[in-house]
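*Asks:* The residues making up each chain are set out below.
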Amino acid sequence: MNWRRNVSVCLLFICVSAFVASKDGLFNIPLNWPKPNYNFSKNPLTKDKIDLGRALFYDPILSQNNTISCSSCHSQFTSFAHVDHALSHGIYDRIGTRNAPVLINLAWNKTFMWDGAINHLDMQALAPISHPDEMGESIEHVIYKLNQSKIYHHLFFKAFGDSIASGEHLLKAISQFMLTLVSANSKYDSIKQKKSVLTLKENNGYQLFKKNCSSCHTEPLFTNQKFENNGLPVDLELKDFGRMKVTQNPIDSLKFKVPTLRNIEFSYPYMHDGRFKNLNAVLDHYVRGIVKSKTLALQLEQPIVLSANEKVDLISFLLTLSDKKFLFNPEFGYPKNLLISLPKD
Amino acid sequence: MKKRLAFFPIVLSFYSNQLLAQNFRILSLNFKPMFGNSVLQLNDSVYKLNKNDSIQFETLKFYVSAIEFWNNSAPVWIEPNSFHLMDASDSNTLKLAFKVPSDMIYAEIKFKLGIDSLTNVSGAIGGDLDPTKGMYWTWQSGYVNFKLEGKSNLCRSRKHEFQFHLGGYTHPYNALQTISLLTSNLQDVSIKFDLKTFLSDVDLENKPSVMSPNKDALILSNQLGKLFKIKE
Chain A
1 MNWRRNVSVC LLFICVSAFV ASKDGLFNIP LNWPKPNYNF SKNPLTKDKI
51 DLGRALFYDP ILSQNNTISC SSCHSQFTSF AHVDHALSHG IYDRIGTRNA
101 PVLINLAWNK TFMWDGAINH LDMQALAPIS HPDEMGESIE HVIYKLNQSK
151 IYHHLFFKAF GDSIASGEHL LKAISQFMLT LVSANSKYDS IKQKKSVLTL
201 KENNGYQLFK KNCSSCHTEP LFTNQKFENN GLPVDLELKD FGRMKVTQNP
251 IDSLKFKVPT LRNIEFSYPY MHDGRFKNLN AVLDHYVRGI VKSKTLALQL
301 EQPIVLSANE KVDLISFLLT LSDKKFLFNP EFGYPKNLLI SLPKD
Chain B
1 MKKRLAFFPI VLSFYSNQLL AQNFRILSLN FKPMFGNSVL QLNDSVYKLN
51 KNDSIQFETL KFYVSAIEFW NNSAPVWIEP NSFHLMDASD SNTLKLAFKV
101 PSDMIYAEIK FKLGIDSLTN VSGAIGGDLD PTKGMYWTWQ SGYVNFKLEG
151 KSNLCRSRKH EFQFHLGGYT HPYNALQTIS LLTSNLQDVS IKFDLKTFLS
201 DVDLENKPSV MSPNKDALIL SNQLGKLFKI KE
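Protein chains in written order, with this note's numbering: chain A, 1 to 345; chain B, 1 to 232.
These are computed hints drawn from the structure, not numbers from a lab.
Quantities reported herein were computed from a predicted structural model and do not represent experimental measurements.
Take these hints with a grain of salt, some might be off.
Derived DSS-like pairs: lysine-lysine, alpha-carbon spacing no greater than 25 Å straight-line [claimed, not checked]:
| no. | chain 1 | residue 1 | chain 2 | residue 2 |
| --- | --- | --- | --- | --- |
| 1 | B | LYS196 | A | LYS245 |
| 2 | B | LYS133 | A | LYS42 |
| 3 | A | LYS150 | B | LYS133 |
| 4 | B | LYS133 | A | LYS239 |
Model the full assembly from the supplied sequences, consistent with the hints where possible.
*Replies:* Below, the structure written as structure tokens:
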């Protein structure tokens with residue numbers, strides 16, 4: 001009898017937690033989007049956990065010398081990329097090897113990083129925290145520092161009912177904040193909801209996009225999440241072969257994750273090493289810069305042909321993917337009000 | 001008040017009957033890292049593979065998971081949520097105790113050395129699997145199944161150090177080891193594994209570090225998996 005009750009309690013719990021993702025409107029799946037990849041039942045969103053994650057995201061306590069926070073290289077107004085930095089700088093101005101990607105719609109991501117080295121959103125933060133050129137810190141010492149802080153005693157208790165920080169709770173909280181970073185309010189989205197229309201130029205650009213770009217930058221997320229070699233010549237200084245480092249398989253040489261194009265207007269410079277400063281340079285690459293090699297994406301074997309006018313039109317379509325409501329949403333910014341209300345350390 | 005107290009013996013006898021109805025016994029597994037015939041000690045103890053070398057150990061940590069007791073080719077007891085971090089610097093972690101039905105008879109112990117692939121892709125987990133335990137890779141997701149660090153004059157590396165961080169959960173470098181040991185329904189089981197044998201097969205001179213999921217990690221993990229033995 002007992003086990004039956006246990007099983008039914010478990011089933012009830014599973015059913016309830018399946019809906020928790022959208023409870024209180026903390027996370028909503030935009031219209032006609034696929035189901036998210038993140039398993040919310042293992043980390044159901046709550047306001048207090050999101051608040052804790054947001055406080056951690058903006059806090060340089062995560063770095064060795066308390067100077068670099070997640071937001072140092074992921075600023076909201078650039079869709080959480082690093083504006084104007086081809087490669088980001090971490091503690092002591094050390095320079096990394098890759099361009100900081102945008103942090104949007106991460107609930108749909110299957111892998112993380114340009115080479116997919118990280119398999120789960122929860123584990124993502126460990127990489128920048130411990131990388132010597134980024135935060136140069138250890139997760140063990142971050143937890144030690146957080147446990148010295150009255151503010152975090154309070155925030156961890158509110159979030160998890162336990163004032164002592166742990167690696168699991170820290171990572172889950174940061175995930176929760178990042179999961180809320182959903183960008184789906186661009187002009188493109190309002191057109192899909194029939195609330196707006198494309199201009200002639202934008203529409204021409206959209207047709208060009210569908211013909212030349214969308215097999216990799218698939219709607220509505222504007223990425224197919226695959227790893228592809230898009231024909232960039234190897235940077236002889238960085239010698240970055242991308243995905244191959246993770247799989248150790250030569251068929252993955254020079255493949256990098258196809259990035260989303262949402263908010264592309266603000267996330268310059270472009271490519272895994274930030275080599276292109278603007279969208280014109282990106283299109284020039286696709287039209288006349290492709291380097292042929294064994295692992296080149298099949299879609300790029302035939303040259304892409306775009307006239308000067310077509311490039312302008314294509315870019316005007318790409319600008320319809322900008323979501324200014326997201327970029328200036330105060331819920332995603334520095335948690336000033338939250339921190340003011342707390343006891344000081 | 002009196003009334004309530006009157007019920008007390010009845011309630012008590014009810015629960016004691018329940019306890020008697022289900023008899024348990026405690027079964028213990030004790031993992032013993034060895035070097036040859038002696039139990040391995042970290043730090044100050046100096047060991048030798050051959051006459052002219054010296055080896056000292058600083059770290060020995062590994063995961064034991066999915067512990068099962070079998071009889072007649074079928075499981076008779078499976079530990080739920082079975083993940084244990086063994087740390088030679090804390091001997092308490094090397095001893096596991098299980099409450100099993102007293103009439104349970106088993107002839108085989110099965111466990112895994114390391115963490116399975118599903119757990120590896122399940123995000124942040126607490127307890128022994130918390131990433132603060134020093135057994136999670138940060139630059140590429142995945143648990144370290146087995147960590148052995150120390151120094152030896154055989155190593156040509158900086159400070160003569162060796163570091164083996166063995167793991168990997170994806171094909172073709174899935175390093176997880178399934179270990180099955182036949183035994184005879186023992187109450188207290190000692191499971192030994194000899195790191196002298198392990199290091200004898202390692203090229204300490206030229207390959208004193210294996211720290212990513214790769215072919216070397218796979219080979220060393222396979223060798224390790226064969227070393228676990230029950231000494232009766």
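*Asks:* Need the status of pair LYS133 (chain B), LYS42 (chain A): alpha-carbon distance at most 25 Å?
*Replies:* The hint holds at about 21 Å.
*Asks:* Hint check: LYS133 (chain B) vs LYS239 (chain A), CA-CA at most 25 Å. Holds or violated?
*Replies:* Between LYS133 (chain B) and LYS239 (chain A) the Cα gap is close to 33 Å, so the pair fails against 25 Å, i.e. violated.
*Asks:* Given the hint that LYS150 (chain A) pairs with LYS133 (chain B), test it: the Cα-Cα distance must not exceed 25 Å.
*Replies:* Judged against 25 Å, a Cα distance of about 24 Å means the pair holds.
*Asks:* Given the hinted pair LYS196 (chain B) and LYS245 (chain A), is their Cα-Cα distance within 25 Å?
*Replies:* It is violated: about 33 Å lies between the C-alpha atoms, which goes past 25 Å.
The structure fails hints 1 and 4 (numbered hints given earlier, in ascending order).
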